[in-house]
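Sequences and hints are given; from them, build the entire structure.
Sequence order for the protein chains is A, B, C and D.
Numbering-wise (the numbering used here), the first sequence opens with residue 1 and increments by one.
Numbering-wise (the numbering used here), the second sequence opens with residue 1 and increments by one.
Numbering-wise (the numbering used here), the third sequence opens with residue 1 and increments by one.
Numbering-wise (the numbering used here), the fourth sequence opens with residue 1 and increments by one.
Derived by calculation from the structure, the hints in this document are not laboratory data.
A quick note: this is a predicted structure, and the numbers were derived from the prediction, not measured.
DSS-like, lysine-lysine: derived pairs with alpha carbons at most 27 angstroms apart:
hint : chain 1 : residue 1 : chain 2 : residue 2
1    : C       : Lys313    : C       : Lys297
2    : A       : Lys307    : D       : Lys357
3    : C       : Lys271    : B       : Lys19
4    : C       : Lys4      : D       : Lys292
5    : D       : Lys297    : C       : Lys4
6    : D       : Lys4      : C       : Lys4
7    : D       : Lys238    : D       : Lys40
8    : D       : Lys85     : D       : Lys40
9    : C       : Lys325    : C       : Lys313
10   : B       : Lys229    : B       : Lys253
11   : C       : Lys40     : C       : Lys85
12   : C       : Lys270    : C       : Lys71
13   : D       : Lys325    : A       : Lys307
14   : A       : Lys253    : C       : Lys350
15   : B       : Lys253    : D       : Lys350
16   : C       : Lys313    : C       : Lys292
17   : D       : Lys4      : C       : Lys238
Listed below are several chain A residues computed to face chain D (Cβ distance under 10 angstroms; list not exhaustive):
hint : residue
18   : Gly32
19   : Val300
20   : Tyr302
Every residue gets a Cβ at the ideal spot worked out from N, C-alpha and C, and that includes glycine.
These are the residues of each chain, in order.
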Amino acid sequence: MAKMTMVEALNMALRQEMKRDDSVILLGQDIGPDGGVFRVTDRLFAEFGENRVVDTPLAEASIVGMSVGMAVYGLKPVCEIQFSGFIYQAFHQIENHAARMRWRTRGRLHVPMVMRAPYGAGVRALEHHSESREAYWAHTPGLKVVIPSGPRNARALLVSAIRDPDPVIFYEAKALYRSLREDVPEEEETLPIGRANIARAGDAVTIIAYGAMVRPALEAADLLAEKEKMAAEVIDLLTLSPLDEELLVASVKKTGRAVVVHEAPQSFGPGAEIVARLMEGAFYYLEAPIERVTGFDTIVPYFSREKSYLPGAERIAAAARRTFIK
Amino acid sequence: MAKMTMVEALNMALRQEMKRDDSVILLGQDIGPDGGVFRVTDRLFAEFGENRVVDTPLAEASIVGMSVGMAVYGLKPVCEIQFSGFIYQAFHQIENHAARMRWRTRGRLHVPMVMRAPYGAGVRALEHHSESREAYWAHTPGLKVVIPSGPRNARALLVSAIRDPDPVIFYEAKALYRSLREDVPEEEETLPIGRANIARAGDAVTIIAYGAMVRPALEAADLLAEKEKMAAEVIDLLTLSPLDEELLVASVKKTGRAVVVHEAPQSFGPGAEIVARLMEGAFYYLEAPIERVTGFDTIVPYFSREKSYLPGAERIAAAARRTFIK
Amino acid sequence: MGRKRIEPSNCTIDYLSILDEYGNLDTGLEPEIPPEMHLKMLRAMLLGRRFDERLLDLQRQGRIGTYPPTKGQEAAHIGSAILLKDSDWFVPSFREMAAEIMRGRTMESALLYFNGYNEGTIVPEGSKDLPMAVPVASQILHAVGLAWAAKYRQTGEVVMAFFGDGATSEGDFHEGLNCAAVYQAPVVFVCQNNQWAISVPLARQTHSETLAQKAIAYGMPGIQVDGNDILAVYAAAKEAVDRARDGGGPTLIECVTYRIMMHTTSDDPKKYRSEEEVECWRQRDPLIRYRKYLLQKNLITEQQLIALEEEIKQDIQAAVERAEKRMQELGNPLDQFDHLFAEMPPRLRKHKEALAKELAEAGREAHHG
Amino acid sequence: MGRKRIEPSNCTIDYLSILDEYGNLDTGLEPEIPPEMHLKMLRAMLLGRRFDERLLDLQRQGRIGTYPPTKGQEAAHIGSAILLKDSDWFVPSFREMAAEIMRGRTMESALLYFNGYNEGTIVPEGSKDLPMAVPVASQILHAVGLAWAAKYRQTGEVVMAFFGDGATSEGDFHEGLNCAAVYQAPVVFVCQNNQWAISVPLARQTHSETLAQKAIAYGMPGIQVDGNDILAVYAAAKEAVDRARDGGGPTLIECVTYRIMMHTTSDDPKKYRSEEEVECWRQRDPLIRYRKYLLQKNLITEQQLIALEEEIKQDIQAAVERAEKRMQELGNPLDQFDHLFAEMPPRLRKHKEALAKELAEAGREAHHG
Ligand SMILES: Cc1ncc(C[n+]2csc(CCOP(=O)(O)OP(=O)(O)O)c2C)c(N)n1
Ligand SMILES: Cc1ncc(C[n+]2csc(CCOP(=O)(O)OP(=O)(O)O)c2C)c(N)n1
Ligand SMILES: [Mg+2]
Ligand SMILES: [Mg+2]
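What follows is the structure in structure tokens.
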């Protein structure tokens with residue numbers, strides 16, 4: 001097994017799926033000879049040519065709208081939106097069409113397509129390049145929202161997303177692109193969409209995170225183990241929608257305490273839904289109110305201040321401790 | 001005081017504000033000679049002329065994007081998006097600019113603008129004309145989201161929104177446009193943005209709703225009073241963001257039980273945030289898990305089936321009863 | 001150095017008219033159309049017209065919901081869509097009823113749609129048609145994607161996309177035409193310029209004198225035709241479809257026509273346009289013009305026309321009856337949960353079960369109460 | 001009846017070049033520019049060039065973040081923006097540094113911006129400039145709104161909006177130009193066609209031969225100029241600004257120039273373009289060409305040029321020092337909560353207080369620990 005960054009692992013997933021199925025087509029801005037601004041499509045243009053790795057004009061609605069047509073035709077477009085901060089230009093194509101085609105035609109037509117986009121802060125990027133607004137998509141009926149947390153699961157989930165018969169929003173944390181390496185097997189590996197993962201088992205408190213926030217969540221668990229001798233359970237959602245409610249509820253029934261972590265702004269954010277599901281499924285097991293450690297209700301500040309915006313291990317651990325104070 | 005429909009009350013608010021301040025400019029599709037597809041701008045073109053009531057080309061991003069420029073200039077654009085199902089074409093202009101201009105320039109520039117749009121189901125409209133996706137905006141830092149529940153508060157809130165120095169999303173429930181009349185005074189009346197209203201006082205359970213859902217919430221309270229002799233408190237949010245948390249928490253501390261109602265799909269919807277705030281502020285007062293009575297996690301079905309999608313009084317009352325069963 | 005005029009190449013913009021409103025025919029330009037194709041077009045136009053009238057009637061009786069009439073635009077969408085093979089793709093907006101039916105959409109499907117049944121957007125099995133698109137201009141991009149895919153698969157399929165004059169103001173129109181030209185995708189863009197977008201006249205929609213000239217922005221051929229002249233529409237569409245099929249890329253066709261009726265049945269056009277203007281366009285009715293032409297050419301007789309009208313009347317009546325019967329079986333609210341995903345996610349299933357329970361209880365109560 | 005060519009009126013598309021790369025001058029077209037304006041333009045171009053080089057240097061030293069260089073495009077944005085009065089509106093994209101500074105943006109502001117300080121998008125008090133816009137093409141619509149407002153207030157103000165070749169593919173470009181033409185708004189659209197949008201060459205961006213011809217779609221005059229020829233840019237911009245001010249509506253100006261450097265400092269252009277192509281454009285440097293012209297016209301001496309270079313060098317150095325000092329005072333994370341709204345909502349205040357508390361505790365710990 002090779003040690004890979006998430007960028008390399010995603011690249012491998014794309015290459016292998018393209019080899020396997022000539023209906024898999026990549027399209028996006030600068031994904032061709034340039035290999036994508038983050039190099040996720042590196043060398044694929046050379047290997048597969050301009051009919052498989054399609055540079056588009058600078059137009060996001062086109063990328064998504066054309067993909068809808070291609071998917072109806074029977075292809076499997078995997079489109080790259082250069083930064084999730086510019087996916088809004090395509091919002092109407094996603095909401096009005098990608099998410100609805102199967103439903104509108106009662107299953108006659110459907111759109112197997114993946115919309116990949118880098119999201120999140122922490123890499124000193126320009127403005128509009130650091131937001132985390134996956135909640136928009138999770139609230140949109142007809143979409144699946146997948147957010148990997150490392151090279152290996154990113155690769156396996158991207159393969160699953162490409163094979164999924166329905167449109168998948170696939171958000172990739174920029175902060176994870178090159179910051180860690182993992183063993184990723186050359187052999188095929190998939191992960192089921194809609195299933196969360198217990199990243200670390202424990203019984204004192206449940207910490208729920210996804211994407212780039214899994215790492216600080218695990219670090220928080222370390223802190224709690226060290227200082228408080230407390231075994232926190234860390235759940236990595238992997239899929240935000242549909243939510244793996246069963247796993248979450250089971251964990252909180254066991255621990256009685258929960259901390260929900262995300263980079264997205266707090267209000268009307270993904271964490272609220274998790275709280276609501278736990279309220280529904282584990283209310284009588286809760287020992288304390290569920291804590292939310294999230295982005296603030298403001299815009300991610302330009303990069304000199306972005307660190308303070310991002311939830312870190314200390315902030316998460318502090319919240320976990322608060323669930324023990326009545 | 002004249003008995004007015006919500007359409008008439010909104011029309012009055014626009015007329016009075018336009019008279020008062022020549023920087024108030026209306027723009028949108030078919031708002032001129034036609035008076036708007038719902039007639040909210042009826043006769044304003046004749047009264048104020050084409051420089052104050054501006055028909056735009058069929059382009060939502062233009063409506064919002066031009067409004068941003070007009071607002072920076074010092075005008076107060078009130079734009080109409082013909083149906084909230086087509087506001088997504090302008091999503092990037094709202095998220096990337098309207099919501100950020102003040103913040104980006106540290107207060108040097110700001111955009112006092114109102115984006116009016118009809119939303120919601122119940123009037124046998126075509127597809128894309130019945131959705132309720134206010135959560136998108138409530139989750140977007142930099143926006144206020146106002147949703148009136150009747151002619152009188154619609155008028156007062158629209159006046160407040162126009163005078164507000166920041167961008168306001170103003171969603172108008174189509175189902176309320178002509179279905180009821182209320183006394184609306186000719187004299188100026190405003191309502192503070194960010195304040196909810198106790199539509200009916202009670203102590204047994206708190207029912208939280210807004211927009212077109214306030215009526216079934218009140219009807220549910222009637223049912224509970226009749227059948228169970230139970231006094232439900234009904235809170236009409238009026239503003240979804242910023243949320244009047246204080247009032248909600250105070251009510252639930254008193255009742256110990258809550259039902260949150262909205263038309264929007266449930267998952268990652270507005271109700272989740274309300275649950276999360278109550279979890280935070282009133283957890284130790286809760287006698288039972290908070291119930292959500294909401295739109296289902298699907299697309300609003302075409303109108304022959306839409307009634308079944310919409311929360312009604314019976315469904316709300318049943319949820320309230322569930323909060324009494326352990 | 002210096003200042004010189006730029007003459008954009010690749011994109012000549014012509015105006016084409018073959019059979020005018022007075023029955024004058026430019027025989028030099030008259031397209032060669034096989035008789036059976038003429039009859040197919042006539043039948044489609046006539047059926048479109050009568051069905052449209054029937055739908056309006058039904059709407060007035062409260063037997064369907066909001067409906068956007070197509071009267072007067074039949075030549076524009078039939079004269080173009082007729083060029084498509086069954087294996088080609090047809091991408092409608094919402095004002096191409098006659099063409100939709102010619103392509104295989106059943107009248108029942110339309111009746112279901114305008115009665116608020118999701119079954120009204122099921123396209124026929126194996127059909128290459130997309131369902132109607134309500135968000136203006138959005139379907140243009142799907143057409144480009146389909147055309148890109150057809151080119152990729154080298155099938156020789158052609159795609160035809162329809163939209164109105166108002167649609168040309170949307171970003172999606174621009175992006176779609178630009179991408180189509182960049183990829184030289186086999187797609188024909190047919191703009192039904194009916195002069196109005198609800199209450200907004202063309203002059204407030206764009207400052208350009210024609211919509212056809214917008215093709216120049218994309219280095220694409222554009223042509224403006226008399227959209228009430230089915231021969232001109234046919235000739236322009238044939239040129240465009242042939243070009244697309246031969247690898248010559250996309251074309252923009254502007255069909256100048258008129259929305260004789262209201263925008264939809266919720267609209268009152270008296271608020272914004274004069275009766276004289278409408279009357280003037282009534283004189284240019286594409287159906288009357290075409291019928292005369294066919295009679296003159298002895299492609300049809302008065303007798304046959306009467307028989308055709310009768311046959312169509314019965315077809316429509318039968319369809320209305322079938323649809324109304326069908327609707328009594330349809331409308332199970334539980335269907336709203338199906339087909340959102342290939343596999344229903346757990347929470348959605350919960351919602352379905354909750355509604356099922358509610359309905360069952362209400363049923364029991366109604367029964368016992 | 002018949003088929004005839006359409007000649008769109010209102011919109012002639014010219015190509016303009018006055019001073020070519022070999023120093024040849026079309027004296028018949030040479031614009032009359034007062035000497036002090038020439039000196040202002042020269043200073044702005046030179047300052048822009050040197051500051052750009054300095055920013056690149058700083059980036060390489062890790063003293064600023066990602067930066068998009070402007071080298072080679074100075075004539076395109078200075079030759080146009082110079083036509084604006086202080087009371088006119090300037091709406092930049094992100095590659096008009098020389099013009100931004102000429103308009104009054106301080107170099108400190110740019111340094112703050114590229115160092116990730118929100119203070120870098122504060123526009124000067126009373127200025128008529130918008131801050132840089134990162135979402136491609138989005139600012140075009142703001143320019144149209146400003147122009148609409150200026151027309152409404154009858155102030156005679158003109159608006160000038162900048163964007164790149166890639167921006168012309170976005171829906172916002174289309175919608176903006178269409179609306180501007182419909183309202184005959186006083187706005188000048190300046191496209192800096194630097195031939196590349198990151199790695200995508202113009203030929204993959206659009207199939208039209210020129211970007212100027214896109215004006216025809218809007219019934220608007222368009223002109224293509226040698227964007228490295230400041231005299232041509234000036235002449236075209238003067239015509240357009242005068243027209244706008246006189247109520248003649250919008251104009252599209254395409255400045256054909258070249259992005260000599262990488263897209264941003266994160267980009268490696270070797271991946272997608274040849275060194276020869278770049279070299280060929282280096283020969284067409286707008287600054288060298290203009291300097292020669294001014295020397296030949298005796299509007300400046302070699303001596304003065306050397307002094308100017310020195311003065312600029314010191315200005316830049318002083319600005320860098322001021323900015324780096326300033327940054328030591330800035331960056332209070334609590335500022336992120338301010339100015340989101342005129343009045344801070346309760347929950348945002350809670351978030352601010354939570355962070356303040358956290359910072360205070362961390363401070364105490366750091367102090368005691
Ligand atoms: C994106 C979008 N905006 C607004 C509407 C509401 N609307 C429906 S049809 C229409 C006018 C369309 O005009 P045009 O494109 O000329 O087509 P026509 O109705 O004349 O056939 C409008 C504004 C919509 N359906 N989609
Ligand atoms: C809407 C949007 N999509 C994508 C991007 C990422 N991006 C930044 S600059 C750029 C290329 C811009 O090309 P062009 O308009 O030619 O301007 P240039 O960079 O050449 O000055 C891209 C794709 C963006 N900033 N905004
Ligand atoms: Mg029209
Ligand atoms: Mg460029």
